[in-house]
Amino acid sequence: MSPFRIPSRVLLAALAVAIAGCVTINIYFPAAAAEKAADAIIDEVWQMKPPRPGGPGAPAADPAKEKTP
Amino acid sequence: MIRLFVILLAWALAGAALAQGNLDIDTPAIAQFKAAMAQRHAQLLLWYQSGAVGLTRDGGVVLREPGAVPLAQRQAVTTLLAGENADRTGLYREIARANGNLAWEADIRATFAQRWVERAPAGWWVENATGIWRQKQ
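Residue numbers (our numbering), protein chains in the order written: chain A, 70 to 138; chain B, 6 to 142.
Extracted from the complex, chain A is given alone in its bound form:
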């Protein structure tokens, strides 16, 4: 099938390392990202974004953010 052979034991070991790396990364709390997320949510809850020209306040007029993946 493939032009060269890698022992499956090596592949398994590499996979184990990759998965372990994943877990390690997820243990650390992403403080900067959390602050950014908190600020974004606080903006919406307290409606602190500067009002757009055109609509008086219009806090609900933000359909662009409601995207579905």
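Hint data in this document are derived by calculation from the structure and do not stem from the laboratory.
This one's a predicted model, so the numbers in the text were calculated from it and none came from an experiment.
Built from N, CA and C at the ideal position, the CB exists for glycine as well.
One thing to keep in mind: the hints can contain errors.
Said to hold, decoys possible - Calculated lysine to aspartate or glutamate pairs in the EDC-like style (CA-CA distance at most 20 Å, straight line): (1) Lys141/B to Asp112/A; (2) Lys39/B to Glu113/A; (3) Lys105/A to Asp63/B; (4) Lys141/B to Glu123/B; (5) Lys39/B to Asp112/A; (6) Lys39/B to Asp63/B; (7) Lys39/B to Glu123/B; (8) Lys39/B to Asp108/A; (9) Lys105/A to Glu99/B; (10) Lys105/A to Asp112/B; (11) Lys141/B to Asp63/B; (12) Lys141/B to Glu70/B; (13) Lys39/B to Glu99/B; (14) Lys141/B to Asp108/A; (15) Lys39/B to Glu104/A; (16) Lys39/B to Asp92/B; (17) Lys39/B to Glu110/B; (18) Lys105/A to Asp31/B; (19) Lys105/A to Glu123/B; (20) Lys105/A to Glu110/B; (21) Lys105/A to Glu70/B; (22) Lys39/B to Asp29/B.
Claimed, not checked - Sample of chain B residues lacking proximity to chain A, with all beta carbon distances greater than 12 Å (derived): (23) Asn27; (24) His46; (25) Leu50; (26) Glu70; (27) Pro71; (28) Val74; (29) Ala87; (30) Thr116; (31) Arg139.
Unchecked claim - To give a feel for the contact side, a few chain A residues facing chain B, derived at Cβ under 7 Å: (32) Val79; (33) Phe98; (34) Ala102; (35) Ala103; (36) Glu104; (37) Ala106; (38) Ala107; (39) Glu113; (40) Val114.
With chain A's structure known, arrange chain B on it following the hints.
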């Protein structure tokens, strides 16, 4: 076998990149919490400004000056605050859950606690880490 390995490795790296960049806050549950809290905020604003309600060090809200709320409205304000605290707790938990690490809930709560206080406008009352209340200048 190699193809599977490559796919898994790519998936692992993508997950790592995501974990470094942003927290996912685009879930239906989070949108619901935000909408409920934004709506409630309109009713709470007056009480933040009067100093009756303050922002606690643990990322919540509390009726710190009950005497500043007329008796007739006190029950309504208490209900608002209970709802707000429940939604905030739910929000912190949901952000942790949406990002695949429930153990982050306490860190997320601490981050929010700090950001609510930091972002509060002048005149509002906030509690610092040692439990001392002060009015934002």
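Consistency of the hints with the structure:
no.	hint	in the structure
1	Lys141/B to Asp112/A	holds, 18 Å
2	Lys39/B to Glu113/A	holds, 7 Å
3	Lys105/A to Asp63/B	holds, 18 Å
4	Lys141/B to Glu123/B	holds, 9 Å
5	Lys39/B to Asp112/A	holds, 10 Å
6	Lys39/B to Asp63/B	holds, 18 Å
7	Lys39/B to Glu123/B	holds, 19 Å
8	Lys39/B to Asp108/A	holds, 12 Å
9	Lys105/A to Glu99/B	holds, 16 Å
10	Lys105/A to Asp112/B	holds, 14 Å
11	Lys141/B to Asp63/B	holds, 17 Å
12	Lys141/B to Glu70/B	holds, 16 Å
13	Lys39/B to Glu99/B	holds, 12 Å
14	Lys141/B to Asp108/A	holds, 18 Å
15	Lys39/B to Glu104/A	holds, 16 Å
16	Lys39/B to Asp92/B	holds, 9 Å
17	Lys39/B to Glu110/B	holds, 17 Å
18	Lys105/A to Asp31/B	holds, 13 Å
19	Lys105/A to Glu123/B	holds, 13 Å
20	Lys105/A to Glu110/B	holds, 16 Å
21	Lys105/A to Glu70/B	violated, 31 Å
22	Lys39/B to Asp29/B	holds, 14 Å
23	Asn27	violated, 5 Å
24	His46	violated, 6 Å
25	Leu50	violated, 9 Å
26	Glu70	holds, 21 Å
27	Pro71	holds, 24 Å
28	Val74	holds, 21 Å
29	Ala87	holds, 17 Å
30	Thr116	violated, 4 Å
31	Arg139	holds, 19 Å
32	Val79	violated, 10 Å
33	Phe98	holds, 4 Å
34	Ala102	holds, 5 Å
35	Ala103	holds, 4 Å
36	Glu104	holds, 6 Å
37	Ala106	holds, 4 Å
38	Ala107	holds, 4 Å
39	Glu113	holds, 5 Å
40	Val114	holds, 4 Å
When each numbered hint is compared with the structure, violations occur for hints 21, 23, 24, 25, 30, 32.
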